[in-house]
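With the hints as extra help, turn the sequences into a complete structure.
Just so you know, the protein sequences line up as chains A and B, in that order. One rule links them: number in the numbering used here = place in the first sequence (from 1) + 96. One rule links them: number in the numbering used here = place in the second sequence (from 1) + 145.
The reader is advised that the hints may include incorrect statements.
Claimed, not checked - Chain B is nowhere near these chain A residues, computed Cβ spacing over 12 Å in every case:
{"hint": "1", "residue": "Asp-98"}
{"hint": "2", "residue": "Asp-165"}
{"hint": "3", "residue": "Lys-171"}
{"hint": "4", "residue": "Leu-174"}
{"hint": "5", "residue": "Asn-175"}
What the hints assert, rightly or not - Not everything, but these chain B residues come out facing chain A in the computed CB check (under 7 Å):
{"hint": "6", "residue": "Asn-181"}
{"hint": "7", "residue": "Lys-369"}
{"hint": "8", "residue": "Tyr-371"}
{"hint": "9", "residue": "Asn-397"}
{"hint": "10", "residue": "Phe-398"}
{"hint": "11", "residue": "Arg-399"}
{"hint": "12", "residue": "Gly-469"}
{"hint": "13", "residue": "Lys-567"}
{"hint": "14", "residue": "Thr-570"}
{"hint": "15", "residue": "Ser-571"}
{"hint": "16", "residue": "Phe-573"}
{"hint": "17", "residue": "Lys-574"}
{"hint": "18", "residue": "Phe-577"}
{"hint": "19", "residue": "Lys-578"}
{"hint": "20", "residue": "Leu-581"}
Honestly, the hints are just simulated from the structure, not real lab data. Think of the CB as a built atom: it goes at the ideal place given N, C-alpha and C, for glycine as much as any other residue.
This is what each chain is made of:
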Amino acid sequence: MDERIYDDVKEIIGKVARIDPKTIKDDANLRDELCIDSLLAIQVVALLEEKFKIKIDEIEIFNVDNIKDVVELIKEYLNDEGKLIE
Amino acid sequence: MSNSIAFISPKSSFYFRSEKKSNYLTNLPGFSLHLNFWSGIGTALPMLASITPDEYECVIIDENVEEIDYSKEYKMVCITAMTHQAIRAYQIAGEFRKRKIHTVIGGVHIHTMYEEALNFCDTVDIGEAESLWPVLLNDFKLGKIKSLYNGKDFDEVDISKLPVPRYDLLKDKNYSIMWLNTSRGCPYDCEFCSVTNLFGKKYRYKTVNQIVKEIEEIKRVFKKIYIGFSDDNMFVNRTFSTELMERFKEMNFRWVCQSDISIGKDKEFLNKLYEGGCHVIFIGFESLDEKNLTGIYKETRKLKSDYLSQYSEMVYNIQSNGIGILGSFIIGLDNDKKEAFDDIVNFIDKTNMLTATINILTPLPGTRLRERLLNEGRVIPTSWENYTFWDVNFIPKMMSYKEIENGMLNAFEKIYSLERMKKTTSYFKEIFKKKLGTDLK
Numbered sequence: 097m098d099e100r101i102y103d104d105v106k107e108i109i110g111k112v113a114r115i116d117p118k119t120i121k122d123d124a125n126l127r128d129e130l131c132i133d134s135l136l137a138i139q140v141v142a143l144l145e146e147k148f149k150i151k152i153d154e155i156e157i158f159n160v161d162n163i164k165d166v167v168e169l170i171k172e173y174l175n176d177e178g179k180l181i182e
Numbered sequence: 146m147s148n149s150i151a152f153i154s155p156k157s158s159f160y161f162r163s164e165k166k167s168n169y170l171t172n173l174p175g176f177s178l179h180l181n182f183w184s185g186i187g188t189a190l191p192m193l194a195s196i197t198p199d200e201y202e203c204v205i206i207d208e209n210v211e212e213i214d215y216s217k218e219y220k221m222v223c224i225t226a227m228t229h230q231a232i233r234a235y236q237i238a239g240e241f242r243k244r245k246i247h248t249v250i251g252g253v254h255i256h257t258m259y260e261e262a263l264n265f266c267d268t269v270d271i272g273e274a275e276s277l278w279p280v281l282l283n284d285f286k287l288g289k290i291k292s293l294y295n296g297k298d299f300d301e302v303d304i305s306k307l308p309v310p311r312y313d314l315l316k317d318k319n320y321s322i323m324w325l326n327t328s329r330g331c332p333y334d335c336e337f338c339s340v341t342n343l344f345g346k347k348y349r350y351k352t353v354n355q356i357v358k359e360i361e362e363i364k365r366v367f368k369k370i371y372i373g374f375s376d377d378n379m380f381v382n383r384t385f386s387t388e389l390m391e392r393f394k395e396m397n398f399r400w401v402c403q404s405d406i407s408i409g410k411d412k413e414f415l416n417k418l419y420e421g422g423c424h425v426i427f428i429g430f431e432s433l434d435e436k437n438l439t440g441i442y443k444e445t446r447k448l449k450s451d452y453l454s455q456y457s458e459m460v461y462n463i464q465s466n467g468i469g470i471l472g473s474f475i476i477g478l479d480n481d482k483k484e485a486f487d488d489i490v491n492f493i494d495k496t497n498m499l500t501a502t503i504n505i506l507t508p509l510p511g512t513r514l515r516e517r518l519l520n521e522g523r524v525i526p527t528s529w530e531n532y533t534f535w536d537v538n539f540i541p542k543m544m545s546y547k548e549i550e551n552g553m554l555n556a557f558e559k560i561y562s563l564e565r566m567k568k569t570t571s572y573f574k575e576i577f578k579k580k581l582g583t584d585l586k
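Below, the structure is given as structure tokens:
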């Protein structure tokens, strides 16, 4: 499950930042390494919500630092909504 | 003896001169996006380094991100200065002159204030430097360098023939954004702006291939960095811009730029901009008062006042295409009363503008504004260090100094508030769901 979420998150971030998802590491920093500013972060949230059918708090994405944090955030939301299948 | 030339950008701030006020502002929740884009170094120094013969080693020192080591030996030191950097530039020149190192100064401030600069530096360049630079260096080598070189005495710079700037010299400076330009010149000659005075009214363009090479070099040197186009008005020639967007789309990268609001009418072009990777556009709205906007232009030009009634619709057209706007407004124009702050903040809020800034009207040297305010006895004899755009340097017509100072802080508290950040996030989220969502299904 984790691996699939990682792949989906990387695909979304790669699309938004216009970089090859395969080059994105799990611990890549969103701002410093992937140049995800607040407007791009909003694009990431919009796509994550569509992909995982969840509703992420407007500001929460600005508080995460790296890909791993995003995956944990998604898992939290999926868990809260009873959608996380291990 | 060293054969290095140091190119120096002096320490400066576009924000409040008061550190306390600047710190307060930069800690507001919504300010980080603004800070991201309003940083980095101008294009002049890497360009000059690129046309410097190989016999010299070139070093770029940006005092905004590193200290100057005065113990290093240089053959020559070249300093660039915008108005708010001028005092610091003269101090740096003084330090190197004490060490018997030849100092050269140029830049937008010096273009007009060259007589002042002659008091502090050995050689002063007026105007664009690319044509005069080889002559200056040759004179220096022969030991007969002059105190003054004027770009007007040389051929007009053909920017389509310029080489790729030396971005490699900036590699270790940890910038979040790298600037380049596609053109120079502006026909509008707004009263407060010095660009037309420096670069002329006629637009001059680089070639599309030349621009592509510059971008490729930036991407080679910096693995991850924003690209920003510093042209004062990037899309005036829509045919050229369309060709550029087609190449940018193939290159698949994100970038920011500056434009006037007129692109907000051209929905077809806005879609091309988005597809070409345009991410955020800095747009000068200047004022929401028709009389103020009319006063900006000379002769019969009325670009912004004609568009005023359509500002909201044009902002919507741009942002609904997934492109954020960093709106720029001026306070202190002659028809501004203190209520102008509320009008601006409400407009920013109502249009869900991604982010914005308000600048205080500033009588920069080389502008028609400065001439007029000097004639009216309204320029305050402040230091150039005060020319930050967020400090007052003139006597406003219908507002007090305190009203401007307090109004700026109150307006910024609202513009960069967490509440507004949440609102714009929610607004853009829906836009991106429509624009991007279907691609992932």
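Checklist entry - Would the hint on Gly-469/B stand, with a C-beta cut-off of 7 Å toward chain A? => result Since chain A brings a Cβ to about 5 Å from Gly-469/B, closer than 7 Å, the hint holds.
Checklist entry - Quick one, is the Lys-578/B hint okay against chain A at 7 Å, beta carbons? => result With a minimum Cβ separation of about 5 Å from chain A (threshold 7 Å), the hint on Lys-578/B holds.
Next on the checklist: The hint names Phe-573/B as touching chain A; please verify it with the least Cβ-Cβ distance against 7 Å.
Outcome noted: 5 Å, holds
Checklist entry - Any CB of chain A closer than 7 Å to the CB of Tyr-371/B? => result Since chain A brings a Cβ to about 6 Å from Tyr-371/B, closer than 7 Å, the hint holds.
Item to check | Per-residue hint verdict: Lys-574/B, partner chain A, C-beta under 7 Å | outcome: Status holds, d = 5 Å.
Next on the checklist: Quick check for students: does the CB of Asp-165/A sit more than 12 Å from each CB in chain B?
Outcome noted: 18 Å, holds
Item to check | Given hint Asn-397/B near chain A, where the shortest CB pair must fall under 7 Å | outcome: 5 Å, holds
Item to check | Given hint Lys-369/B near chain A, where the shortest CB pair must fall under 7 Å | outcome: With a closest approach of 5 Å, the Lys-369/B hint holds.
Checklist entry - At a threshold of 7 Å, is the proposed contact between Ser-571/B and chain A supported by beta-carbon distances? => result 6 Å, holds
Checklist entry - With a cut-off of 7 Å, does the beta carbon of Lys-567/B approach a beta carbon of chain A closely enough for the hint to hold? => result Given a least distance of 5 Å, the restraint on Lys-567/B holds.
Checklist entry - With a cut-off of 7 Å, does the beta carbon of Asn-181/B approach a beta carbon of chain A closely enough for the hint to hold? => result Hint on Asn-181/B: holds, closest Cβ of chain A at ~5 Å, below 7 Å.
Item to check | Distal placement of Lys-171/A relative to chain B, Cβ over 12 Å | outcome: 19 Å, holds
Hint compliance for this structure: every hint is met.
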